[in-house]
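Asker: So the sequence shown is numbered by the working numbering: it starts at 1 and just counts up by one.
Simulated from the structure, these hints should not be mistaken for lab results. Heads up, a few of these hints could be off.
To be verified - Once the Cα atoms are required to be at most 27 angstroms apart in a straight line, the calculated DSSO-like pairs of lysine-lysine come out as:
#1 K181 with K134
#2 K291 with K257
#3 K51 with K33
#4 K224 with K200
#5 K244 with K224
#6 K215 with K184
#7 K224 with K181
#8 K255 with K134
#9 K257 with K224
None of these values were measured; they are calculated from a predicted model.
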Amino acid sequence: MVGKKHRGLQERANRVKGGGLILPEIDKYLSVKSIGKSEHTKRKYREVLGKFSDVLEGKGIASLRDVDARDIDDFLLMLSNRSERTISLYLQIIYNLFKHYNLTGIAEYIQDLMRGFRPRREVGVYLREEDIPKFLSVIDRDDFEFVVRLMLFSGLRLSEVLSVRYEDFDFNDGVLIVRGKGKKERIAFVDDRTLELARKLVEKNNLRKDEPIVKLGRRWIQVKTKMTARKAGIEYWNRLTPHKLRHTFAIMWIKNKGDLRTLQKLLGHSSLSVTEVYLDFDIKEKRDEYKKIFS
1 MVGKKHRGLQ ERANRVKGGG LILPEIDKYL SVKSIGKSEH TKRKYREVLG
51 KFSDVLEGKG IASLRDVDAR DIDDFLLMLS NRSERTISLY LQIIYNLFKH
101 YNLTGIAEYI QDLMRGFRPR REVGVYLREE DIPKFLSVID RDDFEFVVRL
151 MLFSGLRLSE VLSVRYEDFD FNDGVLIVRG KGKKERIAFV DDRTLELARK
201 LVEKNNLRKD EPIVKLGRRW IQVKTKMTAR KAGIEYWNRL TPHKLRHTFA
251 IMWIKNKGDL RTLQKLLGHS SLSVTEVYLD FDIKEKRDEY KKIFS
């Protein structure tokens, strides 16, 4: 009697709202995945994998090892009325499931599908080329100018700029060693004015060669960027952020026919697909020129 009651409780525990039973392999995975995760993440994983389990149950599939590409396609078709962002999230969760069980064949198939539903990233606002001299001309602090130039002309992230030290520079070759995401190092190129500012700031503030050159706060830099753009008379000043300066670097590179793979390395992108978003900008620019001529 106790055994039946226990099985009943377990069965209810393995059900999701509006769905059927979750496969034991999925239920086990959910238990592992729940460790240290937020309630929102746990609910989302259970919702997605519950729906996936429904599809498998309807096909009479009792093990993940019996799942093939057609089953994934059927699940994908079930999501056809969802946004690309939602579909991408669902596929990512299903991919993680098969990856967890080392079912690499079907995991690779799902990963390939994910490329077609990856949410598009947009560059949005950037510092227009004609506005760059105006922006730079009203900067009234050497340390802020140093921050701006490293993002605008060297393509660094703000977090990377704030960790730059004097010893990271090769002043003879105009090269900087950047410590990026995941503690990965890469090379960035630096213009003469930025090198001059590095020397000046270290000397002025009596800094050691192994300590960060800039002591400014992130929030201060964000506000200062907007205020500087406003002072320069830039109409979109309220939408300009420090990260948009890095976007500007990438856009100028593309506009001047720079190599995409070289740009990927300079920006520290792990995937070329992330860098390719700047190609979309180039197409938009050319389309605008086309309309001016033929409209």
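Asker: Take a quick look at whether K244 and K224 sit within 27 angstroms of each other, Cα to Cα.
Answerer: 14 angstroms, holds
Asker: Taking only the CA atoms, is the gap from K51 to K33 under or equal to 27 angstroms?
Answerer: Roughly 17 angstroms separates the two Cα atoms, so the pair holds.
Asker: Within 27 angstroms, alpha carbon to alpha carbon, are K257 and K224?
Answerer: 31 angstroms, violated
Asker: Can you confirm whether the C-alpha distance between K291 and K257 stays at or below 27 angstroms?
Answerer: Holds - the C-alpha atoms of K257 and K291 are around 22 angstroms apart, at most 27 angstroms.
Asker: Within 27 angstroms, alpha carbon to alpha carbon, are K215 and K184?
Answerer: At roughly 22 angstroms apart (the allowed maximum being 27 angstroms), K184 and K215 satisfy the hint.
Asker: Does the alpha-carbon distance linking K255 and K134 stay inside the 27 angstroms limit?
Answerer: Holds. K255 to K134 sits at ~20 angstroms (cutoff 27 angstroms).
Asker: Are the Cα positions of K224 and K181 separated by 27 angstroms at most?
Answerer: 25 angstroms, holds
Asker: Given the proposed pairing of K181 with K134, does the C-alpha separation stay at or below 27 angstroms?
Answerer: At roughly 32 angstroms apart (the allowed maximum being 27 angstroms), K134 and K181 break the hint.
Asker: Holds or violated: are the alpha carbons of K224 and K200 at most 27 angstroms from each other?
Answerer: 21 angstroms, holds
Hint check: violations occur at hints 1, 9; the rest are consistent with the structure.
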